[in-house]
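Chemist: Spelled out from the first residue to the last, the chains are:
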Amino acid sequence: MSIQEIKNQEITSSQGADSAIEMITIIVDGFEVSVPKGTLVIRAAEKLGIQIPRFCDHPLLDPVGACRQCLVDIEINGRKFPKPQASCTIPVEPGMVVNTQLTSPVAEKAQKGVMELLLINHPLDCPVCDKGGECPLQNQAMSNGGGESRYEGVKRTFEKPINISSQVLLDRERCILCARCTRFSEQIAGDPFITLNERGALQQVGIYEKEPFQSYFSGNTVQICPVGALTGASYRFRARPFDLVSTPSACEHCASGCDMRVDVRRGKTLRRLAGDDSTVNEEWSCDKGRWAFKYEHRDRLTSPLIRNESGELVEASWPEALAHAAHGLSINRAAVLVGGRSTIEDAYGYSKFARIALNTNDIDFRSRTSSDEERNFLAALLLGKSVTYLDIDKADQVILLGFEPEEESPIIFLRIFKQVRKRGLKVSALAPFTSRGNEKLKATVIKNVGNEVEDISKFALTNRSVILVGERLAEVSGALTAALKLAEQSGAKLAWIPRRAGERGALEAGAIGNLLPGARQVADPKARQDIERAWGSGPLPTQTGLSTDQILDALHKGEIEALLVGGVDPGDISASAIDGLRKAFVVSLEIRNSAMSEVADVVLPVAAVVEKSGSFLDWQGRARKFEAAVTNSLHRSDVRILSILADEIGRPINLGTVEKAAKELASFGDGSSDQKSALASLSADQAKIKEPGKNQAILTSWRLLLDNGSLQEHEPNLAGTAHPCVAVISDDRANRLGVVDGDLIKISNSNGEIILPLQIGDIDPRAIWIPRNSENSRPLLALKSATHSLVSVVKA
Amino acid sequence: MNTLTPVLSAFWDQKDSFTMEGYKRNGGYLALAKALAMDPDKIIEEVKESGLRGRGGAGFPTGMKWGFIPQGDQKDHYLVVNADESEPGTCKDTPLLMANPHVLIEGVIIASYAIRANHAFIYIRGEVTHVVRRVQQAIEDAYSAGLLGKNILGKGFDLELVLHVGAGAYICGEETALLDSLEGFRGQPRLRPPFPAIAGLYARPTVVNNVESIASVPSIIANGAQWFASMGTEKSKGFTLYSLSGHITNPGQFEAPLGITLRELIDMAGGVRAGHKLKFWTPGGSSTPMFTDAHLDVPLDYEGVAAAGSMLGTKALQIFDETTCVVRAVLRWTEFYKHESCGKCTPCREGTWWLVQALKNLENGQGAPEDLEKLLDICDNIMGRSFCALADGAASPIISSLQYFRDEYLEHLKNGGCPFDPAASTIFATAGLR
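Protein sequence lines correspond, in order, to chains A and B.
Converting from the first sequence to this note's numbering requires adding 974 to each position, the first position being numbered 1.
Converting from the second sequence to this note's numbering requires adding 798 to each position, the first position being numbered 1.
If we strip away everything but chain A, and leave its shape as in the complex, we get (with noise of 0.2 Å):
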């Protein structure tokens, strides 16, 4: 345990849980302020507005006073300092008058002093750096430096740029050692990869020669580098900060909510930054979130494409393409798929069309593996309280079932390490082996593969506790009525992570057979009045729609002919999903070319997530609002074009503008509360899997946060940092096996093979895991099962 840890948990356990806040008044520049006990000198006066130059200081990692920027005067009841302190470390205390550079020369003149020592070394390629007009140095020098440097010596120089990965580059000439980056990856992303090293004016920042920077999170490292020192490589030399016209944002990659800021030039993309959303994902992204954006700008359907009569899909004007979709989609008993990528309006349109145009409860966001009893423990899940980012930093302990927040939702990743570094928060994971991250949260891990049910009865919770589902617990049959029922009987909070970021806002616009929007049951008459009153519709469909696999297995049967989706890849759900779907009349709303593209009769071409306005709902339910970042776009949102194809069916859904989505989205309430729990209806029977014979084992999968996801093309900078693709199995298999770290294994059932490096973990011995949508590692298409099924495992 470090110093600060321990310093931390003593902050920690002095504040108590719910004590009062005690506040403590000082005074800076002659203004009085108060402020809470433990407050930085640097904070206290910033809330009078009385901003202290600084470089190291970051108010979300810990105090270091390296960088000397923020010496200011302090006397304590009228004791003085005898020299300039850094406000940065000092908390306040009573009696306490602080004199910054603006009272005092002596500390006017330490900061001035401290500035020019730091650009001695610095070099002057402002006009070429990437941060100059946004660089902390730049502007800080011009409001707190001296005018001319009287430095005549040698700078220090060094080769430039090194690559600290391959999507991070250092130019340690710029560097001026604030710690701010390996600080960063210490404390928040528990990923040390870098580090200071050497001594004196040669000290930099350094990677192992072994372990480069492979950090989820190393793109924040560049937002906070105050200089130009560290650079994304995809963004070096791409732009200016004043060319750029930024917009706050949602990211559209995961049920997270990070808060975005995205930087467009002339209607294209450049960089996308972390927004600052202290209740959500404070000033962090994901690398994903920061680099993935290239689809948006690569292989765009520009125009409506329909089949001809021989086979072809060729180019169509807008009238011609609507008119043939909405005869196919008419003429046919039609379903719905709307993938899990949707904004809330967007879902709300698809699950407005397929009760009115349509005429059907046959709808379904999960492109995914799910089950019935998913469904009902949706149903449910909507009836309970909601559990947010808040709820973890109280928990007085975390289970992870069926998730792996670094992989599927990486920012909940960094809130529970938080808890974990700062107060020692206990956690428990239900997974088959420990993973990296797993073993960063210094989590207990149940490794028990085929026997969760019973393990999820075990835990011993309390009402401070949170469990969070991931979305993979439905791939365990009877798994999601366990984790409910633990959650009541033990007063626990229950939250269920889904791993994009439409799958909760499509759930709440009721985009499932057994829900209308607002979480009202299909199944409930009066539910559906309410829906009909509001839409002023005829009565809505009453029989429970089919689900994903449902509307699959009619497409093969041949009992639904016609088929309309948004964003999905039939890969997902299953290997046979794109055979029924070439039996079907198929409309598809699409941002790019794509599988579905092979056999859809008619593509309509939707917005991107920066071309059009909406909200994701984030995993706490909590609405993500963004507006467009590229105004000028020819693009639009599903919701217009689903609104105008309904028009042309002639049972219009009146669903002109994602504004108008929203407000009648917003005008249904919450329908839940008039409801009885839905949890009676939960019932599933527990999964049995067969004990794996000599050379078997139990597979088990899932994906990884940098993989083969469509929305991560065109990236290789990005793609340069995703963690090995390996098997892992256990020490006892490797040796029953003969083979090593790094030897090549084959895994196989009767459809197939998947053949890796292995790696030997902390695993159930009876099992194997291997990633899921990985290159060579896709077991969905290639074994026909991601998990829980037996494979053969073998040298290869």
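Derived by calculation from the structure, the hints in this document are not laboratory data.
What you are looking at is a predicted structure, and each value in this text was computed from that prediction instead of being measured.
The reader is advised that the hints may include incorrect statements.
Here are the computed lysine-lysine pairs in the DSSO-like style, where the Cα-Cα straight-line distance is at most 27 Å [stated by the list, open to error]:
1) A:K1392 to B:K846
2) B:K873 to A:K1400
3) B:K1158 to A:K1083
4) A:K1416 to B:K1172
5) A:K1057 to B:K832
6) B:K1158 to A:K1086
7) A:K1129 to B:K1136
8) B:K832 to B:K846
9) A:K1086 to B:K840
10) B:K1158 to A:K1129
11) B:K846 to A:K1396
12) B:K840 to B:K1158
13) B:K1136 to A:K1057
14) A:K1662 to A:K1720
15) B:K846 to A:K1086
16) A:K1129 to B:K1172
17) B:K840 to A:K1057
18) A:K1083 to B:K1172
19) A:K1054 to B:K840
20) B:K1136 to A:K1134
Please build the complex by placing chain B on the supplied structure of chain A, with the hints as guidance.
Modeler: Chain B alone, transformed into the frame defined by chain A:
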């Protein structure tokens, strides 16, 4: 008139002074037996009463430091001995450890017993391999004699003593950087608070003491606080090692009561190099502001030296006669500080880089008289602005040399180079060469 008071150095002239046998023959480890029969708090009290102050340079009262360790806190406590003696001119701990390592070990056991530590560490400078070997052997001998390890002298006190060899960094003499280094990290000073007494080594309560401070403890226990306090001056009590080096006839260690003057010490050392006269000197190593022949009668105790504008420091009295170019001497020291700056904070890292270049120009006679003001101003921007005291030490010789020898700097500029013959100041120079 002061006389020498050899205690630590009393038996250095005996051939086997460094062995267990030699040490015991001269009364070694008797204080330990006495101490282990005492209440630990009584030992702390005794050391407090003696008035012993830290001999590592800052002069903080040793007993008070021990008293800061929270007792009854159910945590491990540690004693760490700072033997990372690296200051230019400072050379007291190395000969002490060479000639009498057991006095340190005895002091370590007593101090550990007093602060209730069962683990002690000696962090020793890595370059002094011969001393490392000698201390290592002494520790092994102490273990064999039952003076370290379990149940010492059958009194139920356990102590493990580890000798840790540093990798050669001046900054590791700073106590918190030392602790980082001892923990296996790169040595850089830590933010305080928390102070080591609360969260030191491995975040546990820790006392960090200089070699000489700890080595003085056995004599205090053996002879009593009053005996110790009877030597020295009112606020600087006891005896200490003064290290004379440079242009002096008989350089070496002079153990004397605090408050002795350089004039007395020079007399005892046979005078300044024959045929020459004193030009400037450091009272406590190169980081303490220098003195001149005007300061020969300054009492060399903590208060006396401070009143004259410098610091007693490590009592490393480097004597420079009139053949020495002060600019050259200061440049050499500054180069040392630049090389040893850890790089953590801006004023030290960048400041020492700049100072070396500025001084080189002055030594070569380049520049204008205004550059001296600039040099002073740079020092002013470094002094008291950095994270630890290293940079203060780097600025001190420059500021003090400009105070006393500004004309000599100006002469370099007028002369277009150094007016001195560097060979004349060497130890092998013929007397009077100029």
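Chemist: All the hints need checking, so say for each whether the structure fits it.
Modeler: Cross-check of the supplied hints:
1. Only pairs whose Cα atoms come within 27 Å are accepted, and K1392 of chain A paired with K846 of chain B is rejected, the gap being roughly 44 Å.
2. A hinted pair counts as satisfied when its Cα atoms are at most 27 Å apart, and K873 of chain B with K1400 of chain A qualifies at roughly 23 Å.
3. Pair hint K1158 of chain B plus K1083 of chain A holds up; C-alpha atoms about 26 Å apart against a cutoff of 27 Å.
4. As the CA atoms of K1416 of chain A and K1172 of chain B are separated by approximately 54 Å, the hinted pair breaks the 27 Å bound.
5. Distance check on the hinted pair: K1057 of chain A and K832 of chain B sit about 45 Å apart at the alpha-carbon level, beyond 27 Å; violated.
6. Taken as a hint, the K1158 of chain B and K1086 of chain A pair is honoured in the structure, with Cα atoms around 25 Å apart against an allowance of 27 Å.
7. The hinted pair formed by K1129 of chain A and K1136 of chain B meets the criterion: a straight-line CA distance of about 15 Å does not exceed 27 Å.
8. This hinted pair checks out: K832 of chain B and K846 of chain B have alpha carbons roughly 17 Å apart, not beyond 27 Å.
9. The straight-line distance between the Cα atoms of K1086 of chain A and K840 of chain B is roughly 52 Å, outside the 27 Å bound, and the hint therefore fails.
10. Taking the CA atoms of K1158 of chain B and K1129 of chain A, the gap is about 15 Å. The hint holds against a cut of 27 Å.
11. For the proposed pair K846 of chain B and K1396 of chain A, the alpha carbon gap of about 38 Å is over 27 Å, so the pair is violated.
12. Between K840 of chain B and K1158 of chain B the alpha-carbon distance is near 55 Å, which puts this suggested pair outside the 27 Å criterion.
13. With a CA separation close to 23 Å, the supplied pair K1136 of chain B and K1057 of chain A stays within the 27 Å bound.
14. Proximity of K1662 of chain A to K1720 of chain A is assessed by CA-CA distance (about 25 Å); at most 27 Å being required, the pair is judged to hold.
15. The straight-line distance between the Cα atoms of K846 of chain B and K1086 of chain A is roughly 44 Å, outside the 27 Å bound, and the hint therefore fails.
16. For the suggested pair K1129 of chain A and K1172 of chain B, the alpha carbons sit about 18 Å apart, so the restraint of at most 27 Å is met.
17. Proposed proximity of K840 of chain B and K1057 of chain A is contradicted: the alpha carbons are some 38 Å apart, above 27 Å.
18. The straight-line distance between the Cα atoms of K1083 of chain A and K1172 of chain B is roughly 14 Å, inside the 27 Å bound, and the hint therefore holds.
19. A C-alpha spacing of about 36 Å is found between K1054 of chain A and K840 of chain B, which places the hinted pair above 27 Å, so the restraint is violated.
20. Simply put, K1136 of chain B and K1134 of chain A have alpha-carbon atoms about 24 Å apart, close enough for the 27 Å limit, and the pair holds.
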